[in-house]
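Novice: Counting from 1, position 243 in the sequence shown corresponds to residue 243 in my numbering; the numbering is continuous, with no gaps.
If you're looking for bench data, these hints aren't it; they were derived computationally from the structure. Wrong hints could be hidden among the right ones.
Said to hold, decoys possible - Within a straight-line C-alpha distance of at most 20 Å, the following computed PhoX-like cross-link-like pairs (lysine-lysine) qualify:
(1) Lys-98 x Lys-62
(2) Lys-47 x Lys-152
(3) Lys-364 x Lys-245
(4) Lys-435 x Lys-201
(5) Lys-62 x Lys-87
(6) Lys-477 x Lys-435
(7) Lys-498 x Lys-94
(8) Lys-362 x Lys-420
(9) Lys-364 x Lys-431
(10) Lys-195 x Lys-43
(11) Lys-43 x Lys-25
(12) Lys-98 x Lys-201
(13) Lys-477 x Lys-431
(14) Lys-94 x Lys-62
(15) Lys-298 x Lys-362
(16) Lys-364 x Lys-298
(17) Lys-62 x Lys-5
(18) Lys-201 x Lys-94
(19) Lys-5 x Lys-94
(20) Lys-98 x Lys-51
What the hints assert, rightly or not - Label-pair distances were calculated between CB atoms; the ranges are:
(21) Glu-234 x Glu-280: 28 to 38 Å
(22) Asp-223 x Pro-71: 50 to 60 Å
(23) Tyr-494 x Gly-97: 20 to 30 Å
(24) Val-196 x Asp-417: 41 to 51 Å
From a predicted model like this one, the values you see are computed outputs, not experimental measurements. Where a beta carbon is used, it is the ideal one built from N, C-alpha and C, also for glycine.
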Amino acid sequence: MDELKSLEAWFVTGSQHLYGPETLKQVAANSQEIVRGLNTAGKSPVKIVYKPVVTTPDEITKICIDANGSPACIGLITWMHTFSPAKMWIGGLKRLGKPILHLHTQFNRDIPWAEIDMDFMNLNQSAHGDREFGFMVSRMRRERKVVVGHWKDPEVSEKIGLWLRVAAAWHESQSIRIARFGDNMREVAVTEGDKVEAQMKFGWSVNGYGIGELAAVIGKVTDAQIDRLCQQLESEYEMQAALRKGGANHNSLRESARIEIGLRSFLEEGDFGGFTDTFEDLHGLVQLPGLPVQRLMKDGYGFGAEGDWKMAAMLRTMKIMSAGLPGGNSFMEDYTYHFDPAGMRVLGAHMLEICSSIADGKPKCEIHELGIGGKADPVRLCFNVPEGPAINVSVLDMGNRFRILVNEVDAVLPPQDLPKLPTARVLWDPKPDLKTAAAAWILAGGAHHTVYSQNLTSEHIMDYSAMAGVEFLLIDKDTNLRDFRNEIRWNEVYYHLKGF
Numbered sequence: 001m002d003e004l005k006s007l008e009a010w011f012v013t014g015s016q017h018l019y020g021p022e023t024l025k026q027v028a029a030n031s032q033e034i035v036r037g038l039n040t041a042g043k044s045p046v047k048i049v050y051k052p053v054v055t056t057p058d059e060i061t062k063i064c065i066d067a068n069g070s071p072a073c074i075g076l077i078t079w080m081h082t083f084s085p086a087k088m089w090i091g092g093l094k095r096l097g098k099p100i101l102h103l104h105t106q107f108n109r110d111i112p113w114a115e116i117d118m119d120f121m122n123l124n125q126s127a128h129g130d131r132e133f134g135f136m137v138s139r140m141r142r143e144r145k146v147v148v149g150h151w152k153d154p155e156v157s158e159k160i161g162l163w164l165r166v167a168a169a170w171h172e173s174q175s176i177r178i179a180r181f182g183d184n185m186r187e188v189a190v191t192e193g194d195k196v197e198a199q200m201k202f203g204w205s206v207n208g209y210g211i212g213e214l215a216a217v218i219g220k221v222t223d224a225q226i227d228r229l230c231q232q233l234e235s236e237y238e239m240q241a242a243l244r245k246g247g248a249n250h251n252s253l254r255e256s257a258r259i260e261i262g263l264r265s266f267l268e269e270g271d272f273g274g275f276t277d278t279f280e281d282l283h284g285l286v287q288l289p290g291l292p293v294q295r296l297m298k299d300g301y302g303f304g305a306e307g308d309w310k311m312a313a314m315l316r317t318m319k320i321m322s323a324g325l326p327g328g329n330s331f332m333e334d335y336t337y338h339f340d341p342a343g344m345r346v347l348g349a350h351m352l353e354i355c356s357s358i359a360d361g362k363p364k365c366e367i368h369e370l371g372i373g374g375k376a377d378p379v380r381l382c383f384n385v386p387e388g389p390a391i392n393v394s395v396l397d398m399g400n401r402f403r404i405l406v407n408e409v410d411a412v413l414p415p416q417d418l419p420k421l422p423t424a425r426v427l428w429d430p431k432p433d434l435k436t437a438a439a440a441w442i443l444a445g446g447a448h449h450t451v452y453s454q455n456l457t458s459e460h461i462m463d464y465s466a467m468a469g470v471e472f473l474l475i476d477k478d479t480n481l482r483d484f485r486n487e488i489r490w491n492e493v494y495y496h497l498k499g500f
């Protein structure tokens, strides 16, 4: 949550001078009360800041320019308490580079049936003032979130809080830096992508570094540093006896600690938010980083295996988005299926790199053989994942545009133990069912790598896609393949005409 504490959203109320100074004073007082109410509701991850009521084109333009220039401002929450002629907003909206949430509310919840008069009507005109503003935003083809309801309604504050999380992640996304150690896994298609276009669309800066550069930093790690980290690891996890001090494989734990310390130092020195590696390029490393990657993800770093920088950046983005929420987010891969007609399910896992933020209980730290990569057997954390709703998110480069694909799932506990599976794993029921979900995922070009999230929803990702101006596809309980195919086809036409 610390990452969000310095950020703020500006609450901007629109009106005009037609109603006189007393009405405008009341508009300002009501707006300030709404801001206080939203801040005290406890749903907002950032501070909502009241800004003076805007009543002229110059005032509107100035506040939009000021928002652009503020490093703390993540976006505007707009509300038209009275009627605010929307031509006044054109200049400001043309210049505004921050996201918009349009709050369609009114100060009073109920109509005062016995007392209502024209003074009341002139003051409380949100029902048509917001529609005037909404027309202009639509006419200007500006993406925005629209939240409707009374401002004291908990659902309204929850919707605003959700959007503010996304806006904060979008704000921070503009400065995410990803370090790629080595290239992509050879001959793999879906981990490739246009890094220049990604920086233009999402703000992600992705650059490559030779694995030798990392190995040189790892080589400077001292025995004293390794001793301290090994002590910490033995207390933090259920440590396999062979990895403990004096055990037959303790040197493997020490090597894992050496890699973690060096890798962490490299990332901190370069101000990176995430990284990738690949088992095909490990020159200078004794083992493929398993435990170090899992621990760095737990601390908020993004990661993508086999050079998958898109998933590394998306994971980092979702870590920011979910700051302070219970549950976790992890790099994930659809690994194998359970095709039992009584309950078809997906087993998600990876060779090593699943984040322990999603673990059910205390992870076990173990060493096992890894049959690829040609290096020493790596240390890793093994665990199951608790039951509950989750989403799988994939970012795809479709050639002419980026696509973000989401499948809503329900994690379930494995019906039996998995004593010989040497990795972290999660079993889930994809919505609406495995056959439909897998077919839709494949039709959409979905990758085998995803971000698995326990604490974000498809709405978070939909709002993020809208801010980025990229395609969003959802596979959920209502998905049927005929409509999903048509949505893909219609989107092809839309984005071709739009020029993306």
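Novice: Run every hint past the structure and note whether it holds.
Specialist: Each hint tested on the structure:
Our distance criterion of 20 Å between C-alpha atoms is met by Lys-98 and Lys-62, whose separation comes to about 14 Å. With a C-alpha separation of about 17 Å, the suggested pair Lys-47 and Lys-152 falls inside the 20 Å cut-off, and the hint holds. Restraint check: the Cα-Cα separation between Lys-364 and Lys-245 comes to about 16 Å, which is no more than 20 Å; the hinted pair holds. For a cut-off of 20 Å, the pair hint linking Lys-435 to Lys-201 is broken: about 33 Å separates their Cα positions.
For the proposed pair Lys-62 and Lys-87, the alpha carbon gap of about 15 Å is at most 20 Å, so the pair holds. For the given pair, Lys-477 sits about 12 Å from Lys-435 by alpha-carbon distance, which is consistent with the 20 Å threshold. Taking the CA atoms of Lys-498 and Lys-94, the gap is near 18 Å; set against the 20 Å cutoff, the hint holds. For the hint linking Lys-362 to Lys-420, the alpha-carbon distance of about 18 Å falls within 20 Å, and the restraint holds.
The suggested pairing of Lys-364 with Lys-431 is violated, with an alpha-carbon distance near 30 Å, which exceeds 20 Å. With a C-alpha separation of about 35 Å, the suggested pairing of Lys-195 with Lys-43 is violated against the 20 Å cut-off. Restraint check for Lys-43 and Lys-25: the C-alpha separation of about 28 Å exceeds 20 Å, so the hint is violated. For the suggested pair Lys-98 and Lys-201, the alpha carbons sit about 14 Å apart, so the restraint of at most 20 Å is met.
For a cut-off of 20 Å, the pair hint linking Lys-477 to Lys-431 stands: about 5 Å separates their Cα positions. For the proposed pair Lys-94 and Lys-62, the alpha carbon gap of about 12 Å is at most 20 Å, so the pair holds. Between Lys-298 and Lys-362 the alpha-carbon distance is near 13 Å, which keeps this suggested pair within the 20 Å criterion. For a cut-off of 20 Å, the pair hint linking Lys-364 to Lys-298 stands: about 15 Å separates their Cα positions.
Of the supplied pair hints, the one linking Lys-62 and Lys-5 is violated, its CA atoms being roughly 25 Å apart against a limit of 20 Å. Our distance criterion of 20 Å between C-alpha atoms is met by Lys-201 and Lys-94, whose separation comes to about 18 Å. Simply put, Lys-5 and Lys-94 have alpha-carbon atoms about 29 Å apart, too far for the 20 Å limit, and the pair is violated. For the suggested pair Lys-98 and Lys-51, the alpha carbons sit about 15 Å apart, so the restraint of at most 20 Å is met.
Checking the proposed 28 to 38 Å range against Glu-234 and Glu-280 shows it holds: the Cβ atoms sit about 32 Å from each other. Under the hint 50 to 60 Å, the C-beta atoms of Asp-223 and Pro-71, about 42 Å apart, miss the expected range. Look at Tyr-494 against Gly-97: about 24 Å separates their beta carbons, and that is inside 20 to 30 Å. Checked against the hint of 41 to 51 Å, the pair Val-196 and Asp-417 passes, with Cβ atoms roughly 47 Å apart.
Hints 4, 9, 10, 11, 17, 19, 22 from the earlier list are contradicted by this structure; the remaining hints agree with it.
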